[in-house]
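Number of protein chains: 2
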Amino acid sequence: MTQPPRGFPETEFQKRTRAAQALMAEQGLAALLLTTEPEIRYYTGFLTRFWESPTRPWFVIVPATGDPIAVIPSIGAHLMVQCWITDIRTWAAPDYEDDGTGLLVDTLSEIVPVSGAIGLADQMESHVRMPLADLRRLEAALAPRRLVGDATITRRLRMVKSEAEIAKIHHAAGIANRAFDRVPEHVSAGLSLSYVFRRFQMLCLEEKADWVPYLAGAADAGGYADVISPATDIPLAMGDVLMLDTGLVWDGYFCDFDRNYSVGTPAPHVAAAHARLIDATHAAAEIAKPGALISDLFHAMNRVVNPSGDVMEAGRLGHGLGMQLTEWPSIIPQDHTVLVPGMVLTLEPSVTVRDGKILVHEENIVVREGEAEFLSVPQAHEMRVI
Amino acid sequence: MTQPPRGFPETEFQKRTRAAQALMAEQGLAALLLTTEPEIRYYTGFLTRFWESPTRPWFVIVPATGDPIAVIPSIGAHLMVQCWITDIRTWAAPDYEDDGTGLLVDTLSEIVPVSGAIGLADQMESHVRMPLADLRRLEAALAPRRLVGDATITRRLRMVKSEAEIAKIHHAAGIANRAFDRVPEHVSAGLSLSYVFRRFQMLCLEEKADWVPYLAGAADAGGYADVISPATDIPLAMGDVLMLDTGLVWDGYFCDFDRNYSVGTPAPHVAAAHARLIDATHAAAEIAKPGALISDLFHAMNRVVNPSGDVMEAGRLGHGLGMQLTEWPSIIPQDHTVLVPGMVLTLEPSVTVRDGKILVHEENIVVREGEAEFLSVPQAHEMRVI
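As given, the protein sequences belong to chains A and B, one line each in that order.
Our numbering applies: residue 1 is where the first sequence begins, and numbers increase by one.
Our numbering applies: residue 1 is where the second sequence begins, and numbers increase by one.
Careful: at least some of the hints might be erroneous.
If chains are identical, the list can't say which one is meant, so a pair holds when it fits in one copy or spans any two.
What the hints assert, rightly or not - With a straight-line Cα cutoff of 25 Å, these simulated DMTMM-like cross-link-like pairs (lysine to aspartate or glutamate) come out:
id	residue 1	residue 2
1	K15	D98
2	K208	D226
3	K208	D98
4	K357	E12
5	K208	D181
6	K208	D220
Hints were generated in silico from the structure; no laboratory data involved.
Note that the coordinates shown come from a computational prediction; the quantities given were computed from them, not determined experimentally.
With the sequences and hints as input, model every part of the structure.
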């Protein structure tokens, strides 16, 4: 696959900003205040792994009109200057007396009238990435201006991807496809799951992932009980099902899908369970067209994996995907979001095998005008064998 | 190096909990409410990469007496049951009507008297990982109980590491040492920085890192201008200085140090600048004894790298290290924390070379009863050459 270009043209960031400003006008918001990595990157393109450090807060403001304004630690200025925005205000962080709050108050006071409202992401899947004491200080200093919810403006915009974003997710998925295909060359019975995890991450990097922020998995006889635990040093044994689920990143965009491998020929009931999962993903993919509801996808999969109609407790059956491993919406019966072209989703049904063991399968799709397009190469009914 | 055991004995978590409870009693706190990955892991041992997903909030409560209580999404129950705590309450997340807030209110109401105060981390380096609307709902539902600051209790406890924690950080540093030593075998002029980044992450995994959450670096003629940007596709050229700075993880603990490589023999002024950085780290390490202040370490390094006395703006000269890439405290002139045995620190001086270019060097040490111990193998004055 040809590698798409890195970054985005400036027009893409302008379009995102103007779209946010149109929704802000509807909601009567004089500014959006952004504090988290994906929010800030969405409007500015600021891409760095430095967010791994919790020390410094970072702020970007989307005003009612005009371009975003960055209020950031000076260590980030050199990188932010390379982004499209030009109003960049910095302080020498960490500052134990005032770690950016004063500069943020000054900047917001400049652009928000005293009667104005400033929107902050405050709904599910969000948090405010700044110390709570500073948030309270900010609120007091800005009064009578109000800090209010952002009416999920950024979440809603991010849910529908541009072609440039889809190309990056598709590229990330292609890297994972190739890494998954190479697993049987490198893994065999007797090797520990922790070795398999390390080796798989190397395969992702060999296939040109930028990095591998997420790898979960499990291996146990005829299925597994848990999909979020770290790897153990227990060796793979004949009859195990090995599951590897990766969120690797290319140019800041994730793929998120898994593959199951039978160590030796799978037992007939395991093979049948796996085939059922494949049927479930196709049942959802076939109806994932504009106008369908997220809840329709849930029921299409659940009918296949739980013919009794039961709903597994831990379970959503997929979610949005993009700048983060998991994004809005969740594929649950209560989500009635209408599908539109450009939504990227994971389809992630799970099925109970025996003795409380489960199998989970996952694919990545994008909603198109007609049929949905698979971004991961869809897995065959037959299980992969090691 | 022998690999230390994974995990911790239950007594370590009990000790952390009792230490927090002693400080809570001093502050009049009836409970601590924990919402972030390191806080929750510190008291429970709950270790998973699943935090990469922003969807679900997770809560742990440290009551005034007794063991911590988990209030978590059911998808985490299987892993939390394997930790030492026994009171685990779950809900089926994501729940669009009430994503855990109700269960959290019920639990806190049970253990906190109506006149009681509940402490939340609210100072520098912290944030509250739950939607702001839910935090406001929680605050209203718990009244007249109050949500207040936690008096940095968890931050203070985490600042001083146990021997078991130090062994994990030391082991992570050993992995990075070996990966850095192997760079010249794999890197040469003409290869792109993005290739070098991928290859270096593979070396870390080959040397048995669990994963590589952080890699920053740069390569440019005679120094670099920025240490947080992602890798470009620009090939390494003769005369470049390549810097790689990794935070790799073993069993949930980070190392954090860098190494500089000259592509070809370094120019004399570059070699001299590098030697000065080594002198600076040793100047700080030599005085890093119990009773010294963090600000003393700053001045010891700054005297060497900035003989004029100037302080670089972007700049702290190191920080705490452990469950996170960067932890409290910051090595800045304003920090007067008294050193005690068990503090793990990075020493990270930077020096201006020419034309706005800088060099940064970093080592990891632990404060001991006598001399500080290097956890990274200290770099020689001579620069590494590719």
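### Query
Which of the stated hints cannot be reconciled with the structure, identified by number in ascending sequence?
Failing hints, ascending: 1, 3, 4.
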